[in-house]
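Enquirer: Here's the letter readout for the chains.
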Amino acid sequence: DGGITQSPKYLFRKEGQNVTLSCEQNLNHDAMYWYRQDPGQGLRLIYYSQIVNDFQKGDIAEGYSVSREKKESFPLTVTSAQKNPTAFYLCASTLDGHSNQPQHFGDGTRLSIL
Amino acid sequence: SQQGEEDPQALSIQEGENATMNCSYKTSINNLQWYRQNSGRGLVHLILIRSNEREKHSGRLRVTLDTSKKSSSLLITASRAADTASYFCATDPSGYSTLTFGKGTMLLVSP
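Line by line, the protein sequences are chains A and B.
Take the first sequence: its letter number 50 is residue 50 in the working numbering, and every next letter is one higher.
Take the second sequence: its letter number 60 is residue 60 in the working numbering, and every next letter is one higher.
So here's chain A without its partners, still in its complex pose:
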């Protein structure tokens, strides 16, 4: 079955530590996105990538970094500069990043601070 796989499902971060969230898709989609969701809130865009080796900042990119070395993979690193990282992180993809396309989502990673 085609889809988006996020791992791990739960992740804990210690003070001063960088952690990396994995997002893999086998939908052959060009565009991928990372969102952050806080309790009772909507999704906010962190980073997005419309093609391999290229990515753009979203609304809340500070304290995060990404890479897009392969079409299938778009990992997100939460750095120690992100002072409030506790949230639910969602990865999504679309066919080619153009308009009028639905986004396909993974099942998320819940990040907490130890």
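Because the hints were derived from the structure by calculation, they are not lab data.
Bear in mind that the values here come from a model prediction, so they are computed numbers and not experimental data.
Some hints could be false.
Unchecked claim - From chain B, some residues computed to sit far from chain A (all C-beta separations above 10 angstroms):
#1 E17
#2 N31
#3 T64
#4 D66
#5 S73
#6 A82
#7 D92
#8 T98
As the list claims (entries may be wrong) - Only part of the chain B face toward chain A is listed, based on derived beta-carbon distances under 7 angstroms:
#9 K26
#10 N30
#11 R41
#12 H45
#13 L48
#14 I49
#15 F88
#16 P93
#17 G95
#18 Y96
#19 S97
#20 F101
#21 G102
Ideal placement from N, C-alpha and C gives every residue a C-beta, glycine not left out.
With chain A held as given, fit chain B onto it using these hints.
Expert: Leaving out everything else, chain B in the frame of chain A:
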């Protein structure tokens, strides 16, 4: 910034009743989309309505769009307990599928 705002924040109904959720937004859009999220899961796309469309149906779902009022509504007819979830509207102002989401409506359907 969050462009879409759903109303109501929470809705509780009985099975078989209809559920209506509203979404307002601020800037011009290419399309508006509705998504569903079950607790602790990712979002599932329900329906996309383009800016030149006024109404769209998909099964028990009916979506309307009024660009003059910058608003949309999602109607779920003959609701079921399995419809219990949060529902989000999302707008695409840029044309690059970088969606802006509202805070959602939490729907509870009781058997």
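Enquirer: Run every hint past the structure and note whether it holds.
Expert: Each hint, compared with the structure:
no.	hint	in the structure
1	E17	24 angstroms, holds
2	N31	5 angstroms, violated
3	T64	18 angstroms, holds
4	D66	19 angstroms, holds
5	S73	17 angstroms, holds
6	A82	18 angstroms, holds
7	D92	6 angstroms, violated
8	T98	6 angstroms, violated
9	K26	14 angstroms, violated
10	N30	4 angstroms, holds
11	R41	5 angstroms, holds
12	H45	4 angstroms, holds
13	L48	6 angstroms, holds
14	I49	10 angstroms, violated
15	F88	6 angstroms, holds
16	P93	10 angstroms, violated
17	G95	4 angstroms, holds
18	Y96	6 angstroms, holds
19	S97	5 angstroms, holds
20	F101	4 angstroms, holds
21	G102	5 angstroms, holds
The structure fails to meet hints 2, 7, 8, 9, 14, 16 from the earlier list, while all remaining hints are met.
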